[in-house]
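Q: With chain A held as given, fit chain B with the ligand onto it using these hints.
So the sequence lines, in the order shown, correspond to chains A and B. Following the working numbering from start to finish, the first sequence increments by one per residue and tops out at 690. Following the working numbering from start to finish, the second sequence increments by one per residue and tops out at 529.
Warning: the hint list may mix true and false statements.
Claimed, not checked - Listed below are the simulated DSS-like cross-link pairs for lysine-lysine, each with C-alpha atoms no more than 27 Å apart in a straight line: (1) A:K549 - A:K651; (2) A:K651 - B:K224; (3) A:K651 - B:K219; (4) B:K224 - A:K487.
Source of the hints: derived by calculation from the structure; they are not laboratory data.
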Amino acid sequence: MFKIIQKTIRTGIVTKAYPAELAHISEHFRGRPSNDSREVTVDYGLCVFCGLCAEASSDKAVRITQEFELATKNRRNLVLTAEYTLNADRTHRQLGTVRRGSGSVETDAKIVGQKARETIHKVLGRSLAIREVDAGSCNGCEVEIVALNNPIHDIERFGIQFAASPRHADMLLVTGPVTRNMELALLKTYRAMPEPKVVVAVGACGISGGIFGENYASLGGVDKVLPVDVYIPGCPPRPQALIHGILLAVGRLGEKLYHERGR
Amino acid sequence: MSTFFEALQQKFGAQVQSMSAEREQEVYLHVGDPDIRALVEYLRNEFQARLVTVFAEDRRSAEGVFFNYYVLEGKGDPRYLIVRAPVRADHPEFPSLSAQLPAVNWQEREIQDWFGLKAAGHPNPRRVALHDNWPDVHPLRKDFPLETLLPPFEGERHIYRPALGEGVFQVPVGPVHAGTIEPGHFNFAVAGEPILYLQLRMFYTHKGTEKLFEKLPIPKAVFLAESISGDSSFSHGTAFCQAIERVAQMEVPLRARIMRTILLELERICNHVADIGAIATDVGFVIANAHASRLKEMLASLNEQLTGNRLLRGMVCVGGVRRGWDAVQLVSLRAAIDAFASEFQDLIALIDSSESTRDRLELTGVLRPEKARDLGIVGVAGRASGMDLDVRRDHPYAAYGRYSFRVPVYQIGDVSHRMQVRVDEVNESLGILRSAAEESLHGEFCTQVPPISADRCALSAVEGWRGEIIHWIRTGPDNHLERCKINDPSLNNWPALVEAVQGNIIADFPVINKSFNLSYSGTDR
Ligand code: SF4
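So that you can see chain A by itself, here it is in the shape it has in the complex (with noise of 0.2 Å):
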């Protein structure tokens, strides 16, 4: 017991602040390709982040930049296009502007963290449960997903806990392409929980089937199969690119409660 206290106090507090403080993060990180300088389609709610796109582009066109919050209501604001217009040299002659989906995107993490902090503590009575399902991902996503209860982003932060139970929870956050024998499973689960309710789609393949897209045995994405309130582009997200989506969608679900009250 002495060993472990001692232990304890030795260690000290790693609990990171993030999104109060900015997240630290390596100047190799690769997060969003920027493509603000040439007209280049990115969806990245099927990037797997890889940045061959980078690599392949000599003018820099398309740049890897350490964005991660990236996650939005509105699967649209995740396809981004770039205009532009090429010289002969390679260069470029004139910049359009970029277009997105309509809807506002909503990446500072610090006021999604707040709002989603009265949420909780207001409206939710200090405790919101989340039910993973993995819908048959590579298990990268639950990787990460597993790292929000490590003591170094702690989501009990926020008074987030993974419940066991579908019946106790009131986000479902779901992973992987949603294969043809987890569809079921996954809707049952979804139909235990009561509302209101909000899903979550985590990773390239929750967003869109990822790498493995639709198949014979894939359905694709979550959405395919469930409506979805938010969507965290990743292979896999990291940690805090997780933690800014599921605030996000705790947003959502405040909004949801305070309709269905009003009525």
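A: Relative to chain A, chain B with the ligand alone:
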């Protein structure tokens, strides 16, 4: 090799037709008949050969037949012997080996489900890789298109063996489990607390991976390989790239081979430390897990620093690795190895100081060595039950030939030994990492990929952190593959879990399961 072939010809006559070796490590033996029971028996008895994996290929359009491949490994022999046996298209049937070799039980049934070749005489020929509600399709046949739209799933119709007797009842669990883990179904028959037997239903995450490999251009297929089993991204990615490199007869630069070795070992210690923490949690020692997951996080940050991704993705490529490391990255690597090493010793001392933890792990979930041998158990689970196997030592790849390390083997096969194998392996890995990180990493880190000719086969093996990973490929035209067989060690090892839980109380199931920590996605593909 020729004397070996002559001996086989004397014994088996016209059944053994020819022998060829395009590469030193890979010898193909072509036989004329699908019945290879006597041959396999002979190889096992005479050469202590171990059957590594069994798989099939649809060659009807090119050669008019299907082929079954039996990969064997002789004790102390760095080569793989691959027996190729034809299965007639008009009589799609082959004699099953499962009765004499339970290790191939699932693999033969997978061939049955995916290729429609009947494993005649199989003791339990029911479906395994396609669920019972699937229509009569064989997705890995060439005339089955990847995009085929099947009627929607209407619920599982699998019939489990009934639990009979007074006070005996069934406990079905899954496919969705209580924790954040992958889906699968466990059906326990219990008599009060003790588990009588466990029936497994896997393949819930089957997503057409092997078929999809036949559709992607090779550079993109590398990313698919990284997504076979997320926690083994680098091992599967490397196994895949090695297979292509062998086909194309490419020489991977030393710098890349050393970097691959470093990253493979980082993947190993990252997962081992997480498992050590998780095993401790499952017996109630949660604080150990807090430290273990902190250490894992430390390695995830290092991974990101070295490769731009916390799971080491997007780094390995055909020909080497995609980026070199600068001085700053190398300094971080060395510093992280030292910091991890001292923290790891602390963690183990902490766990060792908890008598109740040790007590719960000892003689829990025992897999006896004879059973491990019969079932063909590999990797960590195998080594905890007397199976002295390690691809790094037995079939060296990357830069493993340059470093010395010990392969820990234990005999009792309980949770405690599976934990101990991990602890020892982390320490050995740290030794490899220290030596490798001191090497001078200069020169090329990737060679140019030559045009890849069609119709070439290659086998590649990697000791992933769970165990032996096998990829076998046949190239096709236009930088595509004709076939890609993936064998994750999990597929071999699930039967070990069934064996190890028998007689244990159901409350110990989580820790026993965790001590194997098998990949569902790697199994189901
Ligand atoms: S998004 Fe990437 S990490 Fe997540 S399940 Fe799909 S392949 Fe795996």
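Q: Could you run down the list of hints and mark each one as holding or not?
A: Structure-based check of all given hints:
A threshold of 27 Å between alpha carbons decides the hint, and for K549 of chain A with K651 of chain A the separation of about 33 Å lies outside it, so the pair is violated. For a cut-off of 27 Å, the pair hint linking K651 of chain A to K224 of chain B stands: about 25 Å separates their Cα positions. With a C-alpha separation of about 23 Å, the suggested pairing of K651 of chain A with K219 of chain B holds against the 27 Å cut-off. Between K224 of chain B and K487 of chain A the CA atoms are separated by roughly 21 Å; this keeps the pair inside 27 Å, and the hint holds.
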